Amino acid sequence: MSELSLERGLQAFRQEMDAAVAAFFSSCVHCGLCAEACPFFVETQDPKYTPIHKLEPLRLVWEQEFTLWGRIKRTLGLSRPVTDAMLAEWEELLYDSCSMCGRCSLVCPVGNDIQYMVRKAREGMVAAGHAPEGLIGAAARAIRIGSPMGLKFKTLQVQIEHVQADTGLEIPVDRQGADFLVLLSSMEIINFPEYLEAIARIFEQVGITWTLSSEAFEATNAGIQIGSKDIARELVERVVRAAEKLGVNNVISPECGHAYTAIRWEGPNLIERPYPFRVFHIIELLDEWRASGKLKTEGKESDRLTMHDPCNLARKSGVIEQQRNLMNLVAENFVDLKEHGRWQWCCGAGGGVSSNERATELRMRAFKRKKAQIEEVAPERIVTMCATCRTQLEEGLEENNMSIPVVGLTEMIAEHLVDAKSD
Amino acid sequence: MATTKTLGEVLRENGVTRRGFLKFCAATASLMALPPSLVPALAAALEKARRPSVIWLSFQECTGCTESLTRSHTPTVEGLILEHISLDYHHTLQAASGDAAEHAREDAMKENFGHYILVVDGSVPLANPGYSTIAGITNRVMLEEAVKGAAAVIAMGTCAAFGGLPGAAPNPTGAVSVGELVKGKPVINVSGCPPVPLVITGVLAQLLTFGTLPALDGYGRPLAFFGQSIHDRCYRRPFYDKGLFAESFDDEGARKGWCLYRLGCKGPMTYNACATMKWNQGTSWPVESGHPCLGCAEPHFWDAGGFYEALSVPTAAIARTATYAAVGGVALGAAMGILGRTTRQKATAQRQPVSVDELEQTP
Amino acid sequence: MINPMDFLAWVRGPAFDIALAVFVVGMLVRLLEIFLLGRRPNYAQARGGEWGPGLRTMVSRSLADPGTFKRAPFNVIVGWIWHVGFLIALLLFVPHIELVKKTLGIGWPGLPNPVVDAASAIAIVALVAMLIHRVQHPVMRFLSTFEDYLTWTLTLLPLLTGYLAYHRLINPYPLALGLHILSIELLLIAFPFTKLTHAVTAFIARWYNGAIFGRKGVRA
Chain A
1 MSELSLERGL QAFRQEMDAA VAAFFSSCVH CGLCAEACPF FVETQDPKYT PIHKLEPLRL
61 VWEQEFTLWG RIKRTLGLSR PVTDAMLAEW EELLYDSCSM CGRCSLVCPV GNDIQYMVRK
121 AREGMVAAGH APEGLIGAAA RAIRIGSPMG LKFKTLQVQI EHVQADTGLE IPVDRQGADF
181 LVLLSSMEII NFPEYLEAIA RIFEQVGITW TLSSEAFEAT NAGIQIGSKD IARELVERVV
241 RAAEKLGVNN VISPECGHAY TAIRWEGPNL IERPYPFRVF HIIELLDEWR ASGKLKTEGK
301 ESDRLTMHDP CNLARKSGVI EQQRNLMNLV AENFVDLKEH GRWQWCCGAG GGVSSNERAT
361 ELRMRAFKRK KAQIEEVAPE RIVTMCATCR TQLEEGLEEN NMSIPVVGLT EMIAEHLVDA
421 KSD
Chain B
424 MATTKTLGEV LRENGVTRRG FLKFCAATAS LMALPPSLVP ALAAALEKAR RPSVIWLSFQ
484 ECTGCTESLT RSHTPTVEGL ILEHISLDYH HTLQAASGDA AEHAREDAMK ENFGHYILVV
544 DGSVPLANPG YSTIAGITNR VMLEEAVKGA AAVIAMGTCA AFGGLPGAAP NPTGAVSVGE
604 LVKGKPVINV SGCPPVPLVI TGVLAQLLTF GTLPALDGYG RPLAFFGQSI HDRCYRRPFY
664 DKGLFAESFD DEGARKGWCL YRLGCKGPMT YNACATMKWN QGTSWPVESG HPCLGCAEPH
724 FWDAGGFYEA LSVPTAAIAR TATYAAVGGV ALGAAMGILG RTTRQKATAQ RQPVSVDELE
784 QTP
Chain C
787 MINPMDFLAW VRGPAFDIAL AVFVVGMLVR LLEIFLLGRR PNYAQARGGE WGPGLRTMVS
847 RSLADPGTFK RAPFNVIVGW IWHVGFLIAL LLFVPHIELV KKTLGIGWPG LPNPVVDAAS
907 AIAIVALVAM LIHRVQHPVM RFLSTFEDYL TWTLTLLPLL TGYLAYHRLI NPYPLALGLH
967 ILSIELLLIA FPFTKLTHAV TAFIARWYNG AIFGRKGVRA
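Chains as they are written, first to last, in my numbering: chain A, 1 to 423; chain B, 424 to 786; chain C, 787 to 1006.
Here chain A stands alone, though its shape is the one from the complex (with noise of 0.2 Å):
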């Protein structure tokens, strides 16, 4: 077995230049907007988060590399090669204070998508040995047991069995033929367990069929958040072979961000073939309902509530009407945050931040751009459609001494079902 290395670093890199980057390095005029953009910048007013900054590896070899120029500049001895000891240095940078969010890319002047590029970083770090700690155990269990928390089907099944109690509705496993294979995520089976409960009721109402795979249940995908795409594959790999063994025609991802990201977007990217079946986060599909009439509910919520976009739905997937439909379905006094949609801040836990325990306290300083905004609207509770967005807010409105909930929205769409069965 071989080693990690910073030439097999190096090569990741390589391999991930496209035109795409190449334009990106050369327009970067050094202007740092992209800093005001970042709540790790914001928040530290630490210039070393600027997010083009966390490039500067991946630009090295750009430079040197990739152009002509680069190349002079090398041989005369005027460029900084790329080191081992460089690469320690931006792991910082590139896992702790970076949630992939894409907020820079939206901002930046010249048009970089820093996001996008971050992500091709990773790919180099990993290969060179650079990844936190944290990630990498979430990855090992991801791989091996099926689950980046280490939670197997066994554990699953005592939840399926309470709710199936609670509910008195069947949640199958493994039906042959159903209209939707849906994922979950280990943190919204650990922590919000109502929302199996909730797209169980859901789909009983809209009258669907539906599927757990017990292959492949887990939606996230701890590859995409260490930025191997050999990892990556192997847990797309999964989900899109059950899916086929069970030859179901769409597949839902949960309220998980990342998780729609990795299996809407890169998916097929990673096995390098379109999907046999469509792909959904449970919210764009409840919207669709919605919209055709097929979820019905009655009443609504009255206190004050405000919304908070994951990126990975919202700016990185265009997934910002459809809770906002739905929101107002069910909510009488819904007011979004002030930059909200595509503009919304990072609650900064995303992209594997809190996965790594190093980043504890960085995350929790890029939080009070997220508290900031919640103070501006000051609402009662605070929806949102991803675990991972609800544990830092919980976390970090606790930090903070706020006592406003977190709900999910599905959740909350299912209270508000018109149904035969009660909660």
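Calculated directly from the structure, the hints in this document are not laboratory data.
Predicted model only: the values in this text are computed from it and were never measured.
Ideal Cβ positions, reconstructed from N, Cα and C, are used throughout, including at glycine.
Certain hints may be false.
To be verified - Which chain C residues face chain B? A few, computed with CB under 10 Å, are given here: (1) 790; (2) 794; (3) 809; (4) 881; (5) 900.
Claimed, not checked - Here's a subset of chain B near chain A, in silico, CB distances under 10 Å, partners left out: (6) 445; (7) 449; (8) 706; (9) 762; (10) 767; (11) 771; (12) 776; (13) 780; (14) 782; (15) 783; (16) 784.
What the hints assert, rightly or not - With a straight-line Cα cutoff of 25 Å, these simulated SDA-like cross-link-like pairs (lysine to any residue) come out: (17) 888/C to 714/B; (18) 152/A to 241/A; (19) 769/B to 241/A.
Position chains B and C relative to chain A; hints supplied.
For chains B and C alone, kept in the frame of chain A given last:
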């Protein structure tokens, strides 16, 4: 040959009144930007001036400078002054020819050694002296000998001052200016192709009056006449400033007398007195007639990119350079691009997938 | 000491050929280095188009979002003033238009000279302000390299020498005009090897940005 009559005597003999003479002195003084208080001194000096000897050497020239000078050949005071200079040697204007003319020159040089004014028009060929000789004597040799006894040298016209037309690319005769060959004697460059007549006589008046050289610019030209650019004195300047330009000859803008920058006017880079003194005794000058200034008082004006190309247009062969560079750029760029793809392909081909076992090995 | 007319003749002639050649070769190399890398095919089902959103972002990214504007008003405002002022001086000054007309055959109306003069003066002031900001602002100071300061200088010089030449503050005029043209030649030569390429590649980058987000259904 010098005569014994002074200028004042000659003028009076020819019916020029004292008043007329003083009016001329006042005009000349103001031309040289001298205060009115100096007019009496100017008048006194001119009156007493004895005809100095002037030797005029014509080398590679077109005789245009002489033509310009002799446009003053009318019953005017300037004309009389010029008659009052002892023009001891001048190819076009002298009566003598052949050996007699050369002897006259040599005698004048000997008699007035150290005091004569040497005027030179035309450039001197250095590539092959045979291009221009007089009585078998090369221009260069004749110049060197004449300079020895000269009090001052006036390089008349752009050819003598800067090399002029013969010196224009490719300069087959190896033409050089007078100033390049004369060392150790004061040289006044009176450039222009040809120079303005009044400029010529103004310089002579300065020498006659003060016996000193006028203040000269960086090119050795009298500041009194070459200190201002055409652009700064042009009556069409307000149109330049307002952005109103003639686009082609005889178009609406041209007929309205708008700025001629776009038609190639070299006024901004040219220093001469045309815009104020004008030509033909104040009749007009090129821009007023609707033609852009050629920049004829400046060195290399023939090679300044074309008379009808604006000053802002480079003289380089832009289209050709850009085409060759484009071909070269595409070739080099394609090579670099392919090199980049190859680097990436190799990295992909040599890739070893990362495994969790490897990940866990990191310290 | 070279005489001013010879200097002017040299910068308008051979020096311009060299600078133009380096610029054209350099820019073509850079563009091909970018485009020949291409992008991998995308097998994920698209939510939106690429071309339309890409073209849109090429233009719309010039306008800062309200949040960014509030956080970095100096960059946004002075950035605009500099670019607009510089573009007016470059493209709407009649002698410059004449240069383009004689080389490319296309021309357009210009602005009166005093207006261009004012725009140039404002652009110079903006540029100086940007330098001060760059050395004072922690992020910009942190990011800045020798190249940032070099390109600033090479950008200032054409504006400054143009202003001095137009106002005939350097004599004789051939020297002033020669310095102006020389400063542009230095800029052209450095252009393809520095961040100045953003004048062209920013639009390519913006297209990719718009396309990547647009394919996912997000307006970038």
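The hints, checked one at a time:
1. 790: Residue 790/C check passes; min Cβ-Cβ to chain B is 8 Å, inside 10 Å.
2. 794: holds (7 Å)
3. 809: Where the cut-off is 10 Å and the nearest Cβ of chain B is about 8 Å from residue 809/C, the hint holds.
4. 881: With Cβ-Cβ at 4 Å, under 10 Å, it holds.
5. 900: holds (6 Å)
6. 445: violated (71 Å)
7. 449: This interface hint is violated because 64 Å lies over the 10 Å limit.
8. 706: violated (58 Å)
9. 762: holds (8 Å)
10. 767: holds (5 Å)
11. 771: holds (5 Å)
12. 776: Check passed: Cβ of residue 776/B comes within 4 Å of chain A, closer than 10 Å.
13. 780: Holds, because the Cβ-Cβ distance from residue 780/B to chain A comes to roughly 6 Å (cut-off 10 Å).
14. 782: With a closest approach of 5 Å, the residue 782/B hint holds.
15. 783: Hint holds; residue 783/B Cβ to chain A Cβ min 6 Å, cut 10 Å.
16. 784: Interface hint status for residue 784/B: holds (6 Å vs cutoff 10 Å).
17. 888/C to 714/B: At roughly 19 Å apart (the allowed maximum being 25 Å), residue 714/B and residue 888/C satisfy the hint.
18. 152/A to 241/A: holds (19 Å)
19. 769/B to 241/A: Given that 25 Å is the threshold and the Cα spacing comes to 30 Å, the pair is violated.
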